[in-house]
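Chain residues, written in single-letter form:
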Amino acid sequence: MTRARTLFDKIWEAHVVEVQGDGTCVLYIDRHLVHEVTSPQAFEGLRLAGRGVRRPEATLAVADHNVPTTDRSRGIADTESRIQVDTLAANCAEFGIRYFSMDDLRQGIVHIIGPEQGFTQPGTTIVCGDSHTSTHGAFGALAFGVGTSEVEHVLATQTLLQKPAKNMLVAIDGALPFGVGAKDLVLAIIGAIGTAGGTGHVIEYAGEAIRALSMEGRMTVCNMSIEAGARAGLIAPDETTFAYIKGRPMAPTGAAWDAAVADWRTLPSDPGAVYDSEVRLDAAAIAPQVTWGTSPQDVVAITGAVPVPADVADEGRRRAMLRSLDYMGLRAGTPMREVAVDRVFIGSCTNGRIEDLREAAAVARGRKVAANVGAMVVPGSGLVKQMAEAEGLDRIFREAGFEWREPGCSMCLAMNADRLEPGERCASTSNRNFEGRQGRGGRTHLMSPAMAAAAAVTGRLTDVRELGAG
Amino acid sequence: MDPFTKLTGVVAPLPMINVDTDMIIPKQFLKTIQRSGLGSSLFFEMRYGDDGAEKADFVLNRPAYRGAQILVAGENFGCGSSREHAPWALLDFGIRCIIAPSFADIFFNNCFKNGILPVVLPRAEVDALMAIAERGGETLSVDLERQEIACPDGTTIPFDVDPFRKACLLGGLDEIGLTLQKATAIDAFEQEHRTRHPWLFA
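Heads up: the sequence lines are chains G and C, in that order. Numbering (my numbering) for the first sequence: 67 to 536. Numbering (my numbering) for the second sequence: 79 to 280.
These are computed hints drawn from the structure, not numbers from a lab. Treat the hints with care, as some may be off.
To be verified - Below, a list of computed lysine-lysine pairs in the BS3-like style, where the Cα atoms sit at most 27 Å apart: (1) G:K76 with G:K232; (2) G:K76 with C:K133; (3) C:K260 with G:K229.
Given these sequences and hints, build the entire structure.
Below, the structure is given as structure tokens:
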């Protein structure tokens, strides 16, 4: 009888080209996504060594971090940003790689467009010079972020040198309560296991609450696996996955589709598969989550309060909390619902998909953004924007006083012109609340799209369950 | 990549947990299309004030640590993004070795690609090295071949390192060159992979 294997084991074993003496594997990479920030030095490395790209057709490139989210008709104003985007376009032309330019309707955040185009498929290995590559694990693909040296390695060889990760199972039993979604779920998971809780592991998310999520919700969960320190997140593919992929531009068709689905059905972990560690959470116990500090693990329910550092025994942790509270301008014990915000950002590879915008629009509908709050919605791709406009979501947001922008990474990391001013406090649907992440001195509270929209209309952190639909 | 064999250098303390890659090198410096020149922006927000002047109390601005080549830090060093700009900035500043109880995976991996040795030690040993670093201007000797760190009092602390990564660091090896030597194996794998998953090659 063969060994019961996890989803991770199956994908890993199907991609090992060779095992070296010390256990390091040459791992075959099926799909490679490239953006402008982490690739220029990789292409330059190829040129300097006189090397080519092994399989240009296995790579898809797009500019997302540096692109303006306002009018693009006159290009990019910032010189360095423009050079970086132009460099990507030139490199793609030189090496024969598919590239979606800033003016292409299909342009968007790299982790939004991969799934949207059907480029992301179950059972594959996917890498990108970007830590949020874990997003694609929602499809049952082994997807992880790599550095620029490894981007170059994949371009040249279509492989990486890796050792297998450990398996972690995060099982979410039961159903999420009303008003609680995928973002709340993943923030609660990170709060439970910590920002280094998944280090060295690939997390497989399972259980009733995960199975009930849409693909958008599953992507939100897998996206933030890296915020728990995990190499990747995985969710077993099922009918929800297949229905999402079917008919997308790069998805298989006809007999190839049938063959692919038959193969994908063999991927879920075998009964009795053993994990190196297991965590179980009860979905029913999860409330809407917000972060209070400068690490994604600094999270509490909206009904809670800023924690008290003196209650923490570990000195390193206590010192980090004090530093966070000072940076965030918060006092221990303050109820989260009393925290006023200046800005609201809805978007990013975590929450820039159509379902996220629908969720936020349902709260914004018929309401107005509070005075003194600046709120913006940045769709994750041109196609998300187009779909949202077809549904009239842009009108709902605009009438409520939100800015409706062009697609890109935007204020998730503030590499373009969208950023917080020092001291400004932001309700954000992005993934990192690190010091300075959204702009020097900016203060980030991570939350779901519905919660961010609720904060926009009340001007403070708000329990969306009390607000109800507009 | 410069080989890493034995390093004797000043050790600087950074007693913080979860030092993230945005702290190591913030996004405004990621617009470069080169690898070099990031050292002056290392730890930018902690190192410089709003007026651009150095903050006198930040460790790497203090006279004893300006030439530091070894950093001792808290748990989960390098968490956050995959930006290789983080090790590039450390290297450009002159840091060749980082010692911590734990590292984030991608950062840890990126270090080896750039001739930087990340060393994982138990918390108690990191605390002891932190105390030495805090004395100011002390040097450690990190011997990769022997896998040990020599302290100023002559005691040594052994450390683990992955054998393949060790060989690459010692030899300053070009990993892509090594993998390209396996082209025949990759070709054969790819052929079989294509047979099993033709839709991935359509």
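Hints, verified against the model:
{"no.": "1", "hint": "G:K76 with G:K232", "verdict": "holds (13 Å)"}
{"no.": "2", "hint": "G:K76 with C:K133", "verdict": "violated (51 Å)"}
{"no.": "3", "hint": "C:K260 with G:K229", "verdict": "holds (17 Å)"}
Violated hints amount to a single one, hint 2; each of the other numbered hints is respected by the structure.
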